[in-house]
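Colleague: In case you want the letters, here they are:
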Amino acid sequence: MSRAAVTGLGVVAPGGIGVKEYWELLTAGRTATRTITHFDPNGFRSRMAAECDFEPAHHGLSPQQIRRMDRCAQMAVVAAREALTDSGVLGEAPPERIGVSLGSAVGCTVSLEREYVVVSDGGARWEVDPGYGAPHLYHSLVPSSVAAEVAWVAEAEGPVTMVSTGCTSGLDAVGHGARLVADGQADVVVAGAADAPISPITVACFDAIKATSPSNDDPQHASRPFDLERNGFVLGEGAAVLVLESPEHAARRGARVYATIDGFANRCNAFHMTGLKPDGVEMAEAIRLALAEAGLPASAVDYVNAHGSGTKQNDRHETAAIKRALGPHAYDTCVSSIKSMVGHSLGAIGSLELAASVLAIHHDVVPPTANLHTPDPECDLDYVPLTAREKPVDVVLSVGSGFGGFQTAVVLRAPGEATGE
Amino acid sequence: MSEPGTPIAVVTGMSAVTAIGVGLETYWANLLDGACGIRPLSRFDTTGYPTRLGAEVVDFDSRAVPGRLVVQTDRWTHFGLWAGEQALAHAGLDPAQLPGYALSVHTASSSGGNEFGQHEMQGLWSVGPQRVGAYQSIAWFYAATTGQLSIRHGMKGWCGVLVAEQAGGLDTCAQAQRALAQGSAVVLTGATEAPLAPAVLTCHIASRLVSTADDPQRAYLPFDEAANGFLPGEGGAMLVVEPADRARTRGAHRYGVIAGHAATFDPRPGSDRPPRLRHAVEQALDDADARPGDIDVVFADAHGSRPADQAEARALTEVFGRCGVPVTTTKAATGRLAAGSPALDVVTALLAMRDGVLPHVVNVHRPAVDLDLVLGAPRPARPRTALVLARGYAGFNSALVVRAPEPDPRHPGSTEQGTASSAQ
Amino acid sequence: MLAEKFTLSDLIEIMRARAGVAEGVRLDTAIGDTSFLELGYDSLAVLEIQARIAERVGVSMPDDAVSRMPTPNAAVEFVNQQLAQGR
Numbered sequence: 001m002s003r004a005a006v007t008g009l010g011v012v013a014p015g016g017i018g019v020k021e022y023w024e025l026l027t028a029g030r031t032a033t034r035t036i037t038h039f040d041p042n043g044f045r046s047r048m049a050a051e052c053d054f055e056p057a058h059h060g061l062s063p064q065q066i067r068r069m070d071r072c073a074q075m076a077v078v079a080a081r082e083a084l085t086d087s088g089v090l091g092e093a094p095p096e097r098i099g100v101s102l103g104s105a106v107g108c109t110v111s112l113e114r115e116y117v118v119v120s121d122g123g124a125r126w127e128v129d130p131g132y133g134a135p136h137l138y139h140s141l142v143p144s145s146v147a148a149e150v151a152w153v154a155e156a157e158g159p160v161t162m163v164s165t166g167c168t169s170g171l172d173a174v175g176h177g178a179r180l181v182a183d184g185q186a187d188v189v190v191a192g193a194a195d196a197p198i199s200p201i202t203v204a205c206f207d208a209i210k211a212t213s214p215s216n217d218d219p220q221h222a223s224r225p226f227d228l229e230r231n232g233f234v235l236g237e238g239a240a241v242l243v244l245e246s247p248e249h250a251a252r253r254g255a256r257v258y259a260t261i262d263g264f265a266n267r268c269n270a271f272h273m274t275g276l277k278p279d280g281v282e283m284a285e286a287i288r289l290a291l292a293e294a295g296l297p298a299s300a301v302d303y304v305n306a307h308g309s310g311t312k313q314n315d316r317h318e319t320a321a322i323k324r325a326l327g328p329h330a331y332d333t334c335v336s337s338i339k340s341m342v343g344h345s346l347g348a349i350g351s352l353e354l355a356a357s358v359l360a361i362h363h364d365v366v367p368p369t370a371n372l373h374t375p376d377p378e379c380d381l382d383y384v385p386l387t388a389r390e391k392p393v394d395v396v397l398s399v400g401s402g403f404g405g406f407q408t409a410v411v412l413r414a415p416g417e418a419t420g421e
Numbered sequence: 001m002s003e004p005g006t007p008i009a010v011v012t013g014m015s016a017v018t019a020i021g022v023g024l025e026t027y028w029a030n031l032l033d034g035a036c037g038i039r040p041l042s043r044f045d046t047t048g049y050p051t052r053l054g055a056e057v058v059d060f061d062s063r064a065v066p067g068r069l070v071v072q073t074d075r076w077t078h079f080g081l082w083a084g085e086q087a088l089a090h091a092g093l094d095p096a097q098l099p100g101y102a103l104s105v106h107t108a109s110s111s112g113g114n115e116f117g118q119h120e121m122q123g124l125w126s127v128g129p130q131r132v133g134a135y136q137s138i139a140w141f142y143a144a145t146t147g148q149l150s151i152r153h154g155m156k157g158w159c160g161v162l163v164a165e166q167a168g169g170l171d172t173c174a175q176a177q178r179a180l181a182q183g184s185a186v187v188l189t190g191a192t193e194a195p196l197a198p199a200v201l202t203c204h205i206a207s208r209l210v211s212t213a214d215d216p217q218r219a220y221l222p223f224d225e226a227a228n229g230f231l232p233g234e235g236g237a238m239l240v241v242e243p244a245d246r247a248r249t250r251g252a253h254r255y256g257v258i259a260g261h262a263a264t265f266d267p268r269p270g271s272d273r274p275p276r277l278r279h280a281v282e283q284a285l286d287d288a289d290a291r292p293g294d295i296d297v298v299f300a301d302a303h304g305s306r307p308a309d310q311a312e313a314r315a316l317t318e319v320f321g322r323c324g325v326p327v328t329t330t331k332a333a334t335g336r337l338a339a340g341s342p343a344l345d346v347v348t349a350l351l352a353m354r355d356g357v358l359p360h361v362v363n364v365h366r367p368a369v370d371l372d373l374v375l376g377a378p379r380p381a382r383p384r385t386a387l388v389l390a391r392g393y394a395g396f397n398s399a400l401v402v403r404a405p406e407p408d409p410r411h412p413g414s415t416e417q418g419t420a421s422s423a424q
Numbered sequence: 001m002l003a004e005k006f007t008l009s010d011l012i013e014i015m016r017a018r019a020g021v022a023e024g025v026r027l028d029t030a031i032g033d034t035s036f037l038e039l040g041y042d043s044l045a046v047l048e049i050q051a052r053i054a055e056r057v058g059v060s061m062p063d064d065a066v067s068r069m070p071t072p073n074a075a076v077e078f079v080n081q082q083l084a085q086g087r
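Chains as they are written, first to last, in the UniProt record's numbering: chain U, 1 to 421; chain S, 1 to 424; chain A, 1 to 87.
Heads up, some of the hints might be wrong.
Simulated DEER-style distance windows between Cβ atoms [stated by the list, open to error]: (1) 329/U / 272/S: 48 to 58 Å; (2) 27/A / 275/U: 15 to 25 Å; (3) 16/A / 129/U: 50 to 60 Å; (4) 126/S / 17/A: 15 to 25 Å; (5) 126/S / 90/U: 45 to 55 Å.
Some chain A residues near chain S, calculated using beta-carbon distances under 7 Å [claimed, not checked]: (6) 21; (7) 22; (8) 44.
Derived from the structure by calculation, the hints contain no laboratory data.
Ideal placement from N, C-alpha and C gives every residue a C-beta, glycine not left out.
Using the sequences and the hints given, assemble the complete structure.
Modeller: Rendered as C-alpha cells:
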C-alpha cells in the first residue's frame, strides 16, 4: 500500500474529551472505569463501564443535531470536528476528493433500545405501537447514518461508508480509509470509529456470555489485561477520528504529518464467533502481512498496541500471536493495552488505539498497561505495567480481535521515514 | 479497478432469496413472469400499522439451515447462510478443498438481526437481564453473517462488512474485487436482509418514506405517477467472485465481470451543491473503461418517491441522454431489500446477459419520468454491459458496472458466447 | 417436591429448543454421558442452556457452572445439587 498520512486527530474518550485530555489520561496510567451511571445497573452481572462525561451541547451540537443523533453519532461528530480542525484540511480539498470510512460495532443501540422501550411499552407487546415511534428512528436503525453525519461535517462527497466488523471495526475502518487514499479514490479520508454501547441490552448480552468482569466492588481496577487476576473486559464508549491524506496532498499544503499508515491486513480465524484458539495463528498471519506491506522486518516494531481486552482467552491468544509473528523480537519490544484505562468500546476502541499509537509516535512515549500487578506466566512479554515509558517510537503495530473471528493488524510509522525524505 | 496487475473479477456462482422465489432459477423465472412478492405481512399482527404490506419471503424453510445455526442467528443470517452455500455450489466450489487464507467473505448489512434483537430486548425489559440469551452477542450485530459464513466455509482470508444502507450492497461487491487484488482466490459477497419484524418496521414507518397503500399491486410503484413510497422486503443475493484466470483454468462458467465501481456522497441537506449520483455513474463508467453508449441496461435504485425518482431520472438523463438507455428495476417485484437489492440486481443483470432478456418493472403503467423504462413485459435484448445503481438513506450513492464475460482468448467461441446465442 | 427435580428429559427439551440440534445427532436419553462438545454444543451453547435451566428451575448458576457440567448427566446432577442446596 502506498502510504496514508495522518494529519489530524480527534478523540472523545472516557476520562477525557479531546486529544490532549486523552493523552494525559493514558500517559498518567489513570483508569476511567467506574460503576455505571448511564442507567441503574442493579440486577446485572457486570455493573461497571468506562463512561464518557460527554455533554453534546457543550461541544457545539445544536438541539436538532442532539435530537437526531444517537450518542454514538454525537461522539463521532465531535471527534471528527476536532480532527478536521487539527488537520486544517477543511477547504483545502474539493468535496468530491474527500471520503469517510467510519467504524462501529453496534451503531445506535442506545437510541434503538430507548425507543424500543417506548413503542413496546416496556417490552409488554411483541406487536409494538408504531404510533409512538420517534421521528428520527430510522436514523438510528441504520448505523450508516453515523458515517453520514461525519460526512456532512467533513463536507465529504467522495466515497463514504461504514465498516462494521465487530470489535475490529475501528482498525478495519481506518485500514479501509487508508486503502481509499492509496487507491487514489480520495485525497482525504476522515477515518475512525465510534460506539456507545453502555445500555442495558449490550451489558446484558455480555453478561450472558460472562465476557465482562464481575469485579463490581473495585471498578477502577477491574480491567486487568495480561494480569493473572484478569476476569473479563470492562465495557467502554467513545470515538476517535483520524484525518488521512495522501502524502503528496499533505506535502502540497504543508500539513503536519503525525505518522503514516504503512500496513493493514485482516484475517479471520474461521473457528468460532467468540472463541479464540490459544495458538494465535491467524492474528500472527495478519501481523506478518501488515509488516510485509509496510516493508518492515519484525525487528522494526518499537511498540505493539495490543487488543488486550483482559479476558483469560484473549490475552493468551494475543501473546501467542505476537510471539509467533515477531519471533524473539517479541521479548525486546514493548506491548500495552489501553483498555486497562479506557475499557473496551467495541468498534470504537480500534480507532482510539490507533490515535494512541499515533500519539506514541508523536511524543515518543508508550502508554502503560494499568492494573498489571501480578504477571501471568502465560503472558510473559513486556507489557509496560502501570507507568508510561519514554522511548523512541518510530514503528507501531496495533492489533485487534473481534467477534466473528476477525483479526486485524495495522502498522504505523513516524513521518520522517515514511515520506522517504 | 483497471490498474495494472489487478485481477479481473468474474462472477462464477450466484444465488437469490426473494419474495418471488427462493433459489436462483425460481426467482428469475418468476421475475420474468411478472410476479410481485408484495403481500400482507404474515409474521405478526399488523393491526394499527399504517404499513401492512411488505415483500415477505414465504417459501424459505429455515430447516435448510443447520439446526445449531438456526437458533444462534437471525433470519437475515439464515438467508445469508443458505444463499452463501447455494452460490458456492452454483460455482462448483468446495471451499474445504481450498486453502483458508485464499477464501474471503464480504457482506453488507443495513440493520442487522432485527427480529432476534427485538426478541431479546423484549425479554430484558419484560423479565430482566437474565432473560437475554448467550446468542444476542453474536446474532444481532452487523458482522454476524460474514462471521458465520467465514466459520462455516473455513474462510480465513480478508473478510469484511460494509454498512451504507442500499449502497452497501454494491460497495461490498467492490470490496470483493479489492480482496482479489489482495490475493484472495475466491470471495463470497453480497447481502441479505430481514427487516419485517414489528420494531424494525416501526423504524421504517417513522422515516415516512414507506408506502401505506393497501393494494399490493399499487403499493410500490417506482417512477410511476402514483409513486407513494417504497415497501421493504426480505432477502437478497450472494455471489462468488474469482480472478478470471483462475475461473478459466478450472473451467468454471463465468457469468460476468465486475468491471467498475464508484461511490459518492450527496451534499448535506440544505446545501446548494448538486446531488452526486450522476458522478457515481460517470466515475463507475470511467473505472470500467466504458462510455455511456456501452451500457445496455440500467438497474435503477427506484426509490418509489416522486422526488427521489425524479432525481434518479435526471442523473440518468444527464449521462445517457433522454431515453438513452433501457432502465428497469427488480424492486417493484421483490420489495426494497436495503443492501440485498443491489446484490440481487447484480445477479439479475448477469442473468439478463445470459438469457438475452431485460426483466420488466411490474405494476408500473404510467411513468412520471422521461426514461426508457422496460414496462409491461420482458424485453428481448442482447445486453453485454449493465449498470447497477444504489442509493443509501442519508446520501450514499453507489454504481457498479458489470460486463458479459470476455471470450476465452485460447478458446474463441467458448461457453459464454454459446450461451448468448442459444438464448436468442 | 417431585416437580422440583430436574430430569434429563427436561434438559433435552431445553437443548433442542434453545441450542438446536447438530447434524447427525439424535437427542435421546442415550446421550447422558456424551460430552456437550461431542454433541455439537460449544461453550456458548452450554452457557445458553445453563441460563435457560436457571430460569426454568429458579436457581442461580455460579460462574464456573459451565465447567462443572461437561455432559448432560453431569448437568442434571449439578442442577439437582443446586436445587437441594437452595431448599
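Colleague: Holds or violated: is the Cβ of residue 44/A closer than 7 Å to a Cβ in chain S?
Modeller: 5 Å, holds
Colleague: Tell me if the interface restraint on residue 22/A is satisfied: Cβ within less than 7 Å of some Cβ in chain S.
Modeller: Since the shortest Cβ distance to chain S is 5 Å, the answer is holds.
Colleague: State, for the Cβ atoms of residue 126/S and residue 17/A, whether the hinted interval 15 to 25 Å holds or is violated.
Modeller: Holds - the Cβ-Cβ distance for residue 126/S and residue 17/A, about 19 Å, lies within 15 to 25 Å.
Colleague: Can you let me know if the beta-carbon spacing of residue 329/U and residue 272/S is within 48 to 58 Å?
Modeller: 56 Å Cβ-Cβ, so the 48 to 58 Å window holds.
Colleague: Taking 50 to 60 Å as the hint, is the beta-carbon distance of residue 16/A and residue 129/U inside that range?
Modeller: 34 Å, violated
Colleague: Between the beta carbons of residue 126/S and residue 90/U, is the distance compatible with 45 to 55 Å?
Modeller: Holds, at about 48 Å.
Colleague: Against chain S, with CB atoms and a cut of 7 Å, does the hint on residue 21/A hold up?
Modeller: Constraint on residue 21/A satisfied, holds at 4 Å.
Colleague: Evaluate the given range 15 to 25 Å for the C-beta pair formed by residue 27/A and residue 275/U.
Modeller: Given a distance of about 23 Å, which is inside 15 to 25 Å, the answer is holds.
The structure fails to meet hint 3 from the earlier list, while all remaining hints are met.
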